[in-house]
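Colleague: Read off the chains here:
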Amino acid sequence: MNRRPFLKLVSALTLAGTLTATAASADTIRIGAVAPKTGGLAGGATVTQWPSIYLWVDQVNAAGGLTVDGEQMMIELIEYDDQTNPGETIKAVQRLATQDEAHFIIAPYGTGLNLAAAPLFDRYGYPQIAVSAITDQQPELSDKFPNMFFTLGTTTALAADLVGVLTDMREAGDLGNRVAMVNVADAFGIELATAAKPLFLEAGFELVYETSYPLGTQDLSPVIKGAAAAEPDAFVAWSYPPDTFGLTEQAMIEDIDVQAFYTAVATPFPSYGGRFGAAADGVLGAGGVNPDSPAFQEYAKAHMELTGAAPDYWASATTYASLEILAQSIEAVGLDREAVSDHLRETTFETVLGPIAFDENNSNPAFWTVGQWQDGVFVGVASRGRDGTAPVILKDGWK
Amino acid sequence: MSLTGSDLRNLVLAALALGICALLPLSGSGYWLGLGVTIAMFTALATSWALFSGPTHYISLATAAFFGVGTYVTGLGIDSLPYWGLIGIAGAIGAVLAALVGLATLRLSGVYFVIFTLGLAELVRQVITWVQNNSGQKGLYVLTDLDEAGIYWWLLGLVTAVFVTGWLIGRSRLGFALRIIGDDETVAAHSGINTARAKVLLFMVPGAVAAMTGAILAPRYVYIEPSLAFAPILSFQVVIMALLGGASRLWGPLVGVIPFTFLLEAVSANFPNQSTLVIGVAFLIIVYFLPNGFVGLLDRALTRTGHRREA
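Each protein sequence line maps, in turn, to chains R and W.
For the first sequence, the working numbering assigns the number 1 to the initial residue and increments by one for each residue that follows.
For the second sequence, the working numbering assigns the number 400 to the initial residue and increments by one for each residue that follows.
Since the hints were made in silico from the structure, they are not lab data.
Fair warning: there could be bad hints in the mix.
Here chain R is said to cover these stretches of chain W; the calculated rule only asks that three of the stretch's residues, wherever they fall, bring their Cβ under 8 Å from a Cβ of chain R [said to hold, decoys possible]:
(1) 419 to 430
(2) 524 to 533
(3) 672 to 680
Cβ pair distances, simulated, as ranges [stated by the list, open to error]:
(4) Phe688(W) <-> Gly125(R): 40 to 46 Å
(5) Tyr430(W) <-> Pro365(R): 34 to 40 Å
(6) Ser534(W) <-> Thr217(R): 16 to 22 Å
(7) Lys399(R) <-> Ser534(W): 40 to 46 Å
(8) Gly125(R) <-> Phe670(W): 26 to 32 Å
By construction, the Cβ of each residue, glycine as well, lies at the ideal position given by its N, Cα and C atoms.
Full structure from sequences and hints, please.
Modeller: In structure tokens form, the structure reads like this:
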């Protein structure tokens, strides 16, 4: 009796081994995907990353696959959950590269998980078209990992363009000089606040209130109360998904009287507009799209039909664009990964966001930076080189 | 304190096994090397954990705290100091931190210790984040030329050091004192053993080892975020693996780490949408069928064959 559990374990492992071995097949392109389905970033990945991947695979296969060297090849998607754990991301990429022998791997989700995977993408020569990895280190990183590409912009651009938007409002006479700035005390929140502070001061703003709160803080009322007491004209929060919602809720409760209200990550999520309704009107946030562009509308419609949910108004479309770029490159040069990377560096791609071409640092210089909820839609109000920027409106109360 | 014949034989066998493990990167398979890094990492963590928790029966959930401190030592120092120096500094900081925690909590009974160690990861994480928040973005990017093989060899060296330390402690007065404390702390105190000192000294070992493991692995993660460096799941994984193997022997955690790593790999590879669920179920099954870990299973099997031979 005593040996049985061990036997069970052994048989489970053997079974698992045989299942993995049956993956390969000749006429399909094996595309690997690893991103959180559980853990801290699962909420973001299931809105932004996974649905766009499923949509893309579905559309490509419905159209008969990709044309590689004159032959139609269907896509076989191999997906793994990294549990928001960089160790698991590394294991999954390793498995995709060596066991599943994936032809290409879709970049993971989040800055930390993308960078943990970067050395492996580099070693096996996979192009890594990163989306949710916003960083100012793009020159250093693309130097170190020559096949790593960046699509969603830089930390400083996100901060600088918000400062620009607020400066324009001030110069139009709509906004005073007093800014309350808070940030979540975690990697990206700290990076954004560090970048923004000197820019605000340089632009002649007065930082009347500054604080930070730990990641996962449940009660954000002291933050909003403290900011309100400093009587700011603009409230800026470099926030993460849970606190983006928490701060907005507290702002409504306190009825904070500002002409500009900004929260960062997750403000462009459809669930934000859904939850706050008319009160969201005028709220500024990181990201944006041009919701009037026919390409985006077509994408959003297909996204809704296949996944039952709307895409977010920022990284969803960029994720989809990164896959369009990959598909166009494969069709142009075939399954040779090095050739695909070279093609990525040289070509201008037509995507749902408009044309994308990578610069000498492998980064896409044309991206959205600031958006705003206007009549139930999150529209881009500032961008680097994108068409369709909408004029900013004033935050007019919380009703 | 001289070496017996069987001691010598075991040492030679261990050295041989280590030599074989060190050849893994030469196999050229990145997949097996990746699993090797995971196994070496958890072997170092679980074995050092069991060195303290095995004899004393104090369950420490502080692994993530020390590990996170180690990753930040490398993150903050990689531009100015050599890698090996950072590993040493991380070990020293881990040991000092463990001593402080030990002095504060090891006089208390077990439950208080468990709760304190669980909170420690969060405490240290908040302190580091606070410092980062006030000094601007520092220590986030760790860009080195170290590859997977280099990290593996460093970890293997650390594992060796842990086994040697464990073996030496087992033969020392300290090890003897700890076994008495584990059996009955009151008796130990009455025999003139300074129980608090012995426990604090021993607790410094897993503290230093976990911090050094974190320091070694930081270049592998490239980007250091508090939520990833201090992930509490690590503390629980180490406890589970050590208990699956059996904390009563020096080599016990090793026989837990290896099957558990393969089990996790098989589950993540085959159940991408239910990994966490299947891992939870597997853990329940293990606890139910193997309450004493693989060491207990092996002991019973040995006893049985022993009986059979006598019959």
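Colleague: Against each hint, give a clear statement of whether it holds in the structure.
Modeller: Going down the list of hints, with the structure as the test:
1. Evaluation of the coverage hint for the segment 419 to 430 of chain W: fulfilled, as 3 residues show C-beta separations to chain R shorter than 8 Å, against a requirement of three.
2. Remark: the segment 524 to 533 of chain W is confirmed as covered by chain R, as 5 of its residues place a Cβ nearer than 8 Å to a Cβ of that chain, reaching the required three.
3. Counting residues of the segment 672 to 680 of chain W whose C-beta sits closer than 8 Å to any C-beta of chain R gives 3, which meets the bar of three, so the coverage hint holds.
4. A C-beta distance of roughly 44 Å is found between Phe688(W) and Gly125(R), which places it inside the suggested range of 40 to 46 Å.
5. Here the CB-CB span from Tyr430(W) to Pro365(R) is close to 37 Å, well matched to the stated 34 to 40 Å.
6. Hint check: Ser534(W) to Thr217(R), Cβ distance near 21 Å, so the stated range 16 to 22 Å holds.
7. As the Cβ distance of Lys399(R) to Ser534(W) is approximately 41 Å, the hint placing it in 40 to 46 Å holds.
8. For the pair Gly125(R) and Phe670(W), the supplied restraint of 26 to 32 Å holds, since their beta-carbon distance comes to about 29 Å.
Of the numbered hints stated above, none is contradicted by the structure.
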